[in-house]
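Now for the letters of each chain:
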Amino acid sequence: AQSVTQPDIHITVSEGASLELRCNYSYGATPYLFWYVQSPGQGLQLLLKYFSGDTLVQGIKGFEAEFKRSQSSFNLRKPSVHWSDAAEYFCAVGAPNDYKLSFGAGTTVTVRA
Amino acid sequence: GAGVSQSPSNKVTEKGKDVELRCDPISGHTALYWYRQSLGQGLEFLIYFQGNSAPDKSGLPSDRFSAERTGGSVSTLTIQRTQQEDSAVYLCASSWVASSTDTQYFGPGTRLTVL
Numbered sequence: 001a002q003s004v005t006q007p008d009i010h011i012t013v014s015e016g017a018s019l020e021l022r023c024n025y026s027y028g029a030t031p032y033l034f035w036y037v038q039s040p041g042q043g044l045q046l047l048l049k050y051f052s053g054d055t056l057v058q059g060i061k062g063f064e065a066e067f068k069r070s071q072s073s074f075n076l077r078k079p080s081v082h083w084s085d086a087a088e089y090f091c092a093v094g095a096p097n098d099y100k101l102s103f104g105a106g107t108t109v110t111v112r113a
Numbered sequence: 114g115a116g117v118s119q120s121p122s123n124k125v126t127e128k129g130k131d132v133e134l135r136c137d138p139i140s141g142h143t144a145l146y147w148y149r150q151s152l153g154q155g156l157e158f159l160i161y162f163q164g165n166s167a168p169d170k171s172g173l174p175s176d177r178f179s180a181e182r183t184g185g186s187v188s189t190l191t192i193q194r195t196q197q198e199d200s201a202v203y204l205c206a207s208s209w210v211a212s213s214t215d216t217q218y219f220g221p222g223t224r225l226t227v228l
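Just so you know, the sequences run in chain order A and B.
Take the first sequence: its letters are residues 1 to 113, numbered as in the numbering used here.
Take the second sequence: its letters are residues 114 to 228, numbered as in the numbering used here.
Only chain A is shown next, with the shape it has when bound in the complex:
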């Protein structure tokens, strides 16, 4: 079964600084990978997803993620964060021909002025 580890529980970043959130997955074959964001009181919103092809994926809100098979990682990045990026971020992994997603425990991002 697939699983996801998000090593950082909480990250604080200054507005305008860059952000990188780490995600490591465990799956025997090529996984389907996702990043979701959850703002306070809101449901989860899909930021981006990777199924195959180009390993650098562009998403909404200026986010991107890079799939690195050799490191079993799918880290999320943003060059310059805005105060509105303060939220909880979840990495998830799915398998082909399956329906279930396995989520990491999440990383909470705080943005300071």
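By construction, these hints were calculated from the structure, which means they are not laboratory data.
Hints should not be assumed to be uniformly reliable.
[To be verified] Which stretches of chain B does chain A cover? Using the computed rule of at least three CB atoms under 8 Å from a CB of chain A, they are:
hint	region
1	147-156
2	207-215
3	218-224
Ideal Cβ positions, reconstructed from N, Cα and C, are used throughout, including at glycine.
Please arrange chain B on chain A, whose structure you already have, making use of the hints.
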């Protein structure tokens, strides 16, 4: 169009009482998922529906938990004889079909507190 809606948004109950949580998926979405989000934990898969059928109930924590979906639309998650460890945010998601390639759209969740 309207997104996934859940009701109530908050529910406080006493240990031993039964609760019902409701999910209204996006119109036309045939797949519906229930997850549980406990403090400091990721999302725990509970059950999913394809149409009105629930092919996989393996995530339900105990036989106190049940779910149904009628008319291929609204779903209800029922927890009987609630325990304090049931306190969590219960999230519902829907998608066009039950596939990991199909984006799941999430509702805002129901925060359940068992006293």
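8 Å C-beta criterion, at least three residues: is the region 147-156 of chain B covered by chain A: Satisfied; 5 residues make the cut.
At least three residues with a C-beta closer than 8 Å to a C-beta of chain A: is that true for the region 218-224 of chain B? Contact hint for the region 218-224 of chain B vs chain A: holds, 5 residues under 8 Å.
Using C-beta distances, would you say chain A covers the region 207-215 of chain B, given that this needs three or more residues below 8 Å? holds (count 4)
The structure agrees with every numbered hint stated previously.
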